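On the provided structure of chain A, position chain B as indicated by the hints.
For the record, the sequence lines run as chains A and B.
Position 74 (the first sequence) corresponds to 69 in our numbering; numbering is contiguous.
Position 30 (the second sequence) corresponds to 25 in our numbering; numbering is contiguous.
Calculated directly from the structure, the hints in this document are not laboratory data.
What you are looking at is a predicted structure, and each value in this text was computed from that prediction instead of being measured.
Be careful, since some hints might not be right.
Since the list gives no way to pick out one identical chain from another, each pair is judged satisfied if it fits inside one copy or across any two copies.
[What the hints assert, rightly or not] Straight-line alpha carbon distances no greater than 20 angstroms define the calculated SDA-like cross-link-like pairs of lysine to any residue that follow:
id	residue 1	residue 2
1	LYS38	THR6
2	LYS38	THR69
3	LYS45	ASN66
4	LYS38	ASN66
5	LYS45	PRO70
6	LYS38	LEU72
7	LYS38	PRO70
8	LYS38	ASP74
9	LYS9	VAL157
10	LYS38	THR67
11	LYS9	GLU182
12	LYS38	GLU71
Protein chains: 2
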Amino acid sequence: MRILVVGANGTLGKAVVAELGSRHEIIAAGRNSGEKVDISDIKSVRALFKRLGTLDAVICAAGDAHFGMLNTMTPELFDIALRSKVMGQVNLVLAGQESLSDRGSITLTSGTLGRDPILAGTSVSLANGAIDAFVRAAAIELPRGLRVNAVAPTILTESVEVYGAYMRGRRPVAAADVALAFSKSVEGAQTGQIYLVDA
Amino acid sequence: MRILVVGANGTLGKAVVAELGSRHEIIAAGRNSGEKVDISDIKSVRALFKRLGTLDAVICAAGDAHFGMLNTMTPELFDIALRSKVMGQVNLVLAGQESLSDRGSITLTSGTLGRDPILAGTSVSLANGAIDAFVRAAAIELPRGLRVNAVAPTILTESVEVYGAYMRGRRPVAAADVALAFSKSVEGAQTGQIYLVDA
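Here chain A stands alone, though its shape is the one from the complex (with noise of 0.2 angstroms):
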């Protein structure tokens, strides 16, 4: 399969590539590394789209999101969420629906926080939710085979130091253990699931 990964630079996107890569071929997008690619704007998806020609799979590694306690949030600190976690992934299946090869898969990623919810995580959890039931309505739409998956992982082993502090109680989960999820979201033949990858 022809697969893009946008986030491919990213801890996760580099475990998905480590679990794909050897079977197939992937192409690395994001922001800044490999095809460039902003997300949050569906032109610039589509000219992504229109630039690569066929692909089978797209699977999601980005999406940015701001952490900050309820009391200190701001419409414009949710929009952060909603430009990039949310309708960042939004646009790739608006873009996908017309340009994936039949039977082809979009693989989303969302996170446990939708459900299981943290301090200064609202704006994340909103994000998650958003995906998760949105995944869950664009499968029954979608045309000629097409799929659409999430991968809801909690925090990652290799973002503990980082996130750690703020996720106290929630046993980490290695990148390489998420990338199964997404290798069965494209090498399987489910939709409108959401994979919950949590220790």
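Just chain B now, with coordinates in the frame of chain A:
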């Protein structure tokens, strides 16, 4: 209690006012009737709260979203739900955390489409999932015993004539029954709950 009902003139809002009006002071608000407010604009929300003085509860029975098949949806059409149904309701919490009386409550409206999607409902499902996850996250941060819940109804009996064709196979619930869930939220003591009202 002094209870603000946003969207008080809508099908659901009227039932909420009927349920709570006999034992509480209701302040009706809406885009075009009662106390005027544009929930998509936090300045409008803050101005309303300032004008009204102390409130013990806020209920939102308002929020727009566009219904359309995924292959006709655009980022701009998703934005209708993001601005109104998502951020409009988030704005009530952002402003409410400062101005509600101690142990006051905010009750939002999501819906069953977040977990049980229909054709043409991707932006509504997304908004419902966003609100449900936001409520769970905001509940653990609110100060002074403030509470936040969401009511997630299926199709209303009163709306079958207009929307029934899009939601076949769902047993409708009367708006008066959905209003009970708002009573449970406002007059009870729970927080972070999603009250599913599905027949």
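Against the structure, the hints come out as follows:
1. LYS38 x THR6: Neither. Shortest intra-copy (26 angstroms) and inter-copy (39 angstroms) distances fail the 20 angstroms Cα cut-off.
2. LYS38 x THR69: Answer is between; shortest inter-copy Cα gap is 11 angstroms, intra-copy 27 angstroms.
3. LYS45 x ASN66: Answer is between: at 18 angstroms across copies they meet the 20 angstroms cutoff, but 43 angstroms inside does not.
4. LYS38 x ASN66: Classified as between; 16 angstroms across copies, 35 angstroms inside a copy.
5. LYS45 x PRO70: Result: close only across copies, 19 angstroms inter versus 34 angstroms intra.
6. LYS38 x LEU72: between (23 angstroms within a copy, 15 angstroms between copies)
7. LYS38 x PRO70: Only across copies: LYS38 and PRO70 sit 10 angstroms apart there, 24 angstroms inside one copy, limit 20 angstroms.
8. LYS38 x ASP74: Result: close both inside a copy and across copies, 19 angstroms intra and 16 angstroms inter.
9. LYS9 x VAL157: within (18 angstroms within a copy, 49 angstroms between copies)
10. LYS38 x THR67: between (32 angstroms within a copy, 16 angstroms between copies)
11. LYS9 x GLU182: For LYS9 and GLU182, only the intra-copy Cα distance (18 angstroms) is at most 20 angstroms; the inter-copy one is 50 angstroms.
12. LYS38 x GLU71: between (22 angstroms within a copy, 13 angstroms between copies)
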